[in-house]
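Can you make the complete structure from the sequences, with help from the hints?
2 protein chains.
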Amino acid sequence: MMKNSGHTRRERPYHHGDLYSSLVKAAEDLLEEKGANALSLREVCQCAGVSHAAPYRHFRDKAALMEAVAKAGFNQLGEMISEARARHPGEPEMQILDAGRAYVAWATENPERTRLMFGGMMKSDTIDEDLHQAAEAAYDEIYRIIDEGRSTGVFGGRDTDSVVLSAWSAVHGLTMLILGSGKLTPENPRDVRALADIIGDTVVSGIRSR
Amino acid sequence: MMKNSGHTRRERPYHHGDLYSSLVKAAEDLLEEKGANALSLREVCQCAGVSHAAPYRHFRDKAALMEAVAKAGFNQLGEMISEARARHPGEPEMQILDAGRAYVAWATENPERTRLMFGGMMKSDTIDEDLHQAAEAAYDEIYRIIDEGRSTGVFGGRDTDSVVLSAWSAVHGLTMLILGSGKLTPENPRDVRALADIIGDTVVSGIRSR
DNA sequence: CATAGATGTTTACGCTGCAAACATAGCGCG
DNA sequence: CGCGCTATGTTTGCAGCGTAAACATCTATG
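First to last, the sequence lines map onto chains A and B.
Residues in the first sequence are numbered from 1 upward in steps of one, following my numbering.
Residues in the second sequence are numbered from 1 upward in steps of one, following my numbering.
Derived by calculation from the structure, the hints in this document are not laboratory data.
Any given hint could be a false lead.
No distinction is drawn between identical chains; accordingly, a pair holds when it is met within one copy or between any pair of copies.
Claimed, not checked - No farther apart than 20 Å at their CA atoms in a straight line, the calculated lysine to any residue pairs in the SDA-like style are these:
| id | residue 1 | residue 2 |
| --- | --- | --- |
| 1 | 25 | 193 |
| 2 | 34 | 129 |
| 3 | 71 | 190 |
| 4 | 71 | 83 |
| 5 | 25 | 160 |
| 6 | 34 | 62 |
| 7 | 25 | 52 |
Written out as structure tokens, the structure reads:
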């Protein structure tokens, strides 16, 4: 039977309007809900109210959609670090401690997205430049903290990149261990924060100018 | 036509002999070769010279096979740390530095297995106890190093577990960043080792008794 | 106002993980 | 010694997946 054409636009219009964002959003939600392995593109489509082939007008393939999700994640993460930095102007030690807490907190609240971001979905020939750039931006936020600390003599180290790497590694490692193999499984955010503080103290001790 | 029965055993016997190990081995190889996403159970079977339903006699499902692979990985990793410890008797600082190098080196040589181990294949209701135990054993190796260092006054910290967490987080974080999102992609093992040493120095500085 | 390009749908295909029914082989018990 | 029981491997079948191609619909541009 012919579908009602024209007058009642109530019945979801043929064109979605903003399918790109809807798909990313739906993918984010379903990803956290079902896990990366159980996430099917078709279910994302169903969730966005669209046929299972529609995404191919906006994404080359499923991996490209996941890259968009990862990119959005890096942007959020970078923003949280930036906010932590702004929260303690002129206090680099407080800035990293707070940034570390924010990092761990965000990751534990979005475990699947975090795993996606740092997993290894890139097959190197498909190194989406946008994704790389978003990750770089998050890195730069940490760099700014360390750089200020080193320029005011609070932090030491032979070069800023080494110190950034040390700090990021420690926080990121804790994060992945928490998400990881079932060894560390704190029940509530309080415990997460306590662990983050332990690592934070050690990091600051390790990179402090002496 | 009826298959030759009995006399010439050349023609691969109906029973494989040691299918369990063969499947784990084949899965390990194919995992590193094709990546976790592209790994199909059917291809593992073909590689082991067996029909695509055979594994179900030995593993509940595909995830169970991957768990066995992960478990073997943790055993290997724990062994490497243990060897690093044995290499510098009475020198805890050298022990962690060397263990850290071994950790990073092993992970970069077996990236897919590492991602599998620390990814998040456990759905918590399927927390295979063997897997948890293998991971715990690797943890214990690090614990022994830190514990000795603290008992001889080389390392500080309020409790051993906190120090272990700090050290492991830093090394593990570096590892995952190297494997990770394309930010750190050192070409050769030399670079990897240099990065490991940077993190190692910071960790030791951070946990040293002062 | 027509029509070209962008956006969404339908249909189809090969591959996947898994279950059920079937075949074979080795092992213990009479 | 032989018979069947059980462990192991195979075949067949199914629903769901990602993706491509052909088709339908809308929207914007001349």
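These are the hints, each one checked on the structure:
| no. | hint | result |
| --- | --- | --- |
| 1 | 25 with 193 | neither (28 Å within a copy, 40 Å between copies) |
| 2 | 34 with 129 | neither (28 Å within a copy, 23 Å between copies) |
| 3 | 71 with 190 | neither (28 Å within a copy, 30 Å between copies) |
| 4 | 71 with 83 | within (19 Å within a copy, 40 Å between copies) |
| 5 | 25 with 160 | neither (36 Å within a copy, 43 Å between copies) |
| 6 | 34 with 62 | both (16 Å within a copy, 17 Å between copies) |
| 7 | 25 with 52 | within (16 Å within a copy, 37 Å between copies) |
The structure shown violates the earlier hints numbered 1, 2, 3 and 5.
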